[in-house]
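Novice: Make a model of the complete structure from these sequences and hints.
Going down the list, the sequences are from chains L, C and Z. In this text, residue positions in the first sequence follow the working numbering: the first is 1, and each later residue adds one. In this text, residue positions in the second sequence follow the working numbering: the first is 1, and each later residue adds one. In this text, residue positions in the third sequence follow the working numbering: the first is 1, and each later residue adds one.
Rather than coming from a laboratory, the hints here were simulated on the basis of the structure. Don't take every hint at face value.
Lysine-lysine pairs mimicking DSS-like chemistry, simulated, CA-CA at most 25 Å apart [said to hold, decoys possible]:
hint, chain 1, residue 1, chain 2, residue 2
1, Z, LYS33, C, LYS91
2, L, LYS12, L, LYS60
3, Z, LYS33, C, LYS85
Given next are the chains, with one letter for each unit.
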Amino acid sequence: MSPHVILRVVSKLLIPLIALFALYVQFHGDFGPGGGFQAGVIFASAIILYALIFGLDEAKRAIPPSWVRIGMSTGVIIYGGTGVATWLLGGEFLNYTFFAPDSTHAAGQHWGIFAVELGVLCTVASAMVAIFYAFGSRTTELTDEDW
Amino acid sequence: MSNVPPTLILDIGLMAMLVVVAFSVVRLRSLFAIVMLQGVYSLLSAAWFVSLDAVDVAFTEAAVGAGISTVLMLGAMLLTEREAKPVPLQKQLGSLFIVTVTGMALFYAIGDMPAFGDAHSAANAYLGTDYIAATKTDIILPNVVTAVLASYRGFDTFGETVVIFMAGLGIVLLLGLNGHAGKWRAQPKGQDVSNSRGDKS
Amino acid sequence: MNGLLEHFNYAVVIFLMMLGLYVVFASNNMIKKLVGLSVFQTSVFLLYISLGKVTGGQPPIIAEEDLHAATDGGHDVVAEGAHQAADIIYSNPLPHVLILTAIVVGVATLAIGLALVVRIREVYGTIEEDEIDALDYERNLEGAAK
Chain L
1 MSPHVILRVV SKLLIPLIAL FALYVQFHGD FGPGGGFQAG VIFASAIILY
51 ALIFGLDEAK RAIPPSWVRI GMSTGVIIYG GTGVATWLLG GEFLNYTFFA
101 PDSTHAAGQH WGIFAVELGV LCTVASAMVA IFYAFGSRTT ELTDEDW
Chain C
1 MSNVPPTLIL DIGLMAMLVV VAFSVVRLRS LFAIVMLQGV YSLLSAAWFV
51 SLDAVDVAFT EAAVGAGIST VLMLGAMLLT EREAKPVPLQ KQLGSLFIVT
101 VTGMALFYAI GDMPAFGDAH SAANAYLGTD YIAATKTDII LPNVVTAVLA
151 SYRGFDTFGE TVVIFMAGLG IVLLLGLNGH AGKWRAQPKG QDVSNSRGDK
201 S
Chain Z
1 MNGLLEHFNY AVVIFLMMLG LYVVFASNNM IKKLVGLSVF QTSVFLLYIS
51 LGKVTGGQPP IIAEEDLHAA TDGGHDVVAE GAHQAADIIY SNPLPHVLIL
101 TAIVVGVATL AIGLALVVRI REVYGTIEED EIDALDYERN LEGAAK
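Specialist: Encoded structure:
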């Protein structure tokens with residue numbers, strides 16, 4: 001049993017809430033402060049907290065590095081794909097109006113922004129986790145006692 | 001001076017704290033303290049961003065500057081050193097000279113800047129208000145920052161997403177997702193560094 | 001004196017910027033250099049955001065009734081909606097967008113820098129700039145001798 005019992009219990013409670021908050025920030029970003037970047041960073045921080053408390057190997061079992069690698073590129077593809085989709089619909093690159101040209105309430109813009117923010121979320125969250133994995137997996141020269 | 005708005009007092013208080021923290025970063029040599037103070041600096045500036053109406057920026061700064069970058073710096077510090085060595089006085093004085101000259105030049109330019117909170121300055125009068133007006137009719141979303149970020153400047157943000165991707169890729173290449181990249185060690189004292197690439201394990 | 005009061009934010013921000021710049025110049029330790037760089041960077045963010053502040057303004061999140069007033073205005077219900085829309089002042093959203101981008105790119109570059117520092121430490125055994133210079137110098141001397 002590790003000495004950090006309180007940390008473990010509290011973070012087990014907190015981590016799902018942090019992930020949920022990230023999703024709230026993501027999907028409420030059109031109406032209040034927030035958006036893909038913030039949501040991505042918050043989501044990554046949930047995983048980082050898990051890794052800090054339960055160890056990197058546990059975190060890597062929950063979110064394997066291969067997922068992270070795929071997620072990083074998927075986000076860019078979603079974003080770029082949105083632009084290509086507007087091309088195919090006859091508009092300019094990333095001109096979202098062409099998703100719903102007849103809408104009076106700019107529905108096309110809403111869909112476009114939604115898709116783009118999803119891509120941003122995917123890339124930012126995965127890239128942050130990847131960066132943390134990379135730093136965390138390097139072997140340390142310092143032990144806990146050195147502090 | 002009779003009726004000072006309360007936000008101004010808040011602004012000045014936050015600025016004073018920022019100066020103190022930045023000054024401590026200059027003075028200290030313990031890397032742990034420096035890294036934590038950098039997080040404090042980010043958090044304080046996030047608080048000031050809220051006071052300056054930049055809620056989105058404050059949110060990002062609090063999450064990125066105070067959260068992720070502190071964790072990354074601690075991680076990097078753990079892999080390197082914990083104390084910065086003292087700097088020779090000569091180098092300190094040289095840098096002080098350069099910084100003073102640069103600061104003087106910038107102070108000289110302050111006179112041309114618009115007054116704090118001026119709604120009619122060139123920066124605030126045209127493009128910013130245009131974006132707000134256009135968002136009401138074109139995008140119909142309450143958050144103007146999201147609208148400008150994702151739609152009007154969508155191409156810009158695409159480039160930024162690619163930058164994040166490239167940064168992630170670069171770090172995976174430099175360190176490896178499992179920490180195995182480039183596990184070879186040169187012998188800096190005396191031995192030939194270029195040769196040691198051979199003893200890869 | 002009045003001019004200084006109107007520009008106090010720039011004065012403080014420039015002072016903070018110079019403190020960050022000093023750390024970048026004066027320290028040999030690379031981690032400390034990067035911390036100085038991010039202090040410098042955050043101060044530049046402060047400069048931009050304080051430029052976009054409008055006295056008495058609100059965060060650039062359009063009030064619900066304002067938003068609908070603007071859209072209904074297209075359908076000839078102009079008078080009251082337009083009147084209300086003019087009442088609320090918003091701070092300038094453009095610097096916010098620029099800085100939002102800059103913050104996230106900033107952490108990306110910081111991470112790359114830290115990764116490079118970690119690799120430098122693994123190869124040279126130190127992250128002090130002058131020691132690395134000395135090691136490089138020694139190695140070059142040896143290369144010349146061979």
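Novice: Would you check the hint for LYS12 of chain L and LYS60 of chain L, treating anything up to 25 Å between C-alpha atoms as holding?
Specialist: 17 Å, holds
Novice: Mind checking the alpha carbons of LYS33 of chain Z and LYS91 of chain C for me, to see if they're no more than 25 Å apart?
Specialist: Distance ~14 Å between LYS33 of chain Z and LYS91 of chain C Cα, so the pair holds.
Novice: LYS33 of chain Z and LYS85 of chain C: Cα distance at most 25 Å?
Specialist: 12 Å, holds
Violated hints: none; the structure is consistent with every hint.
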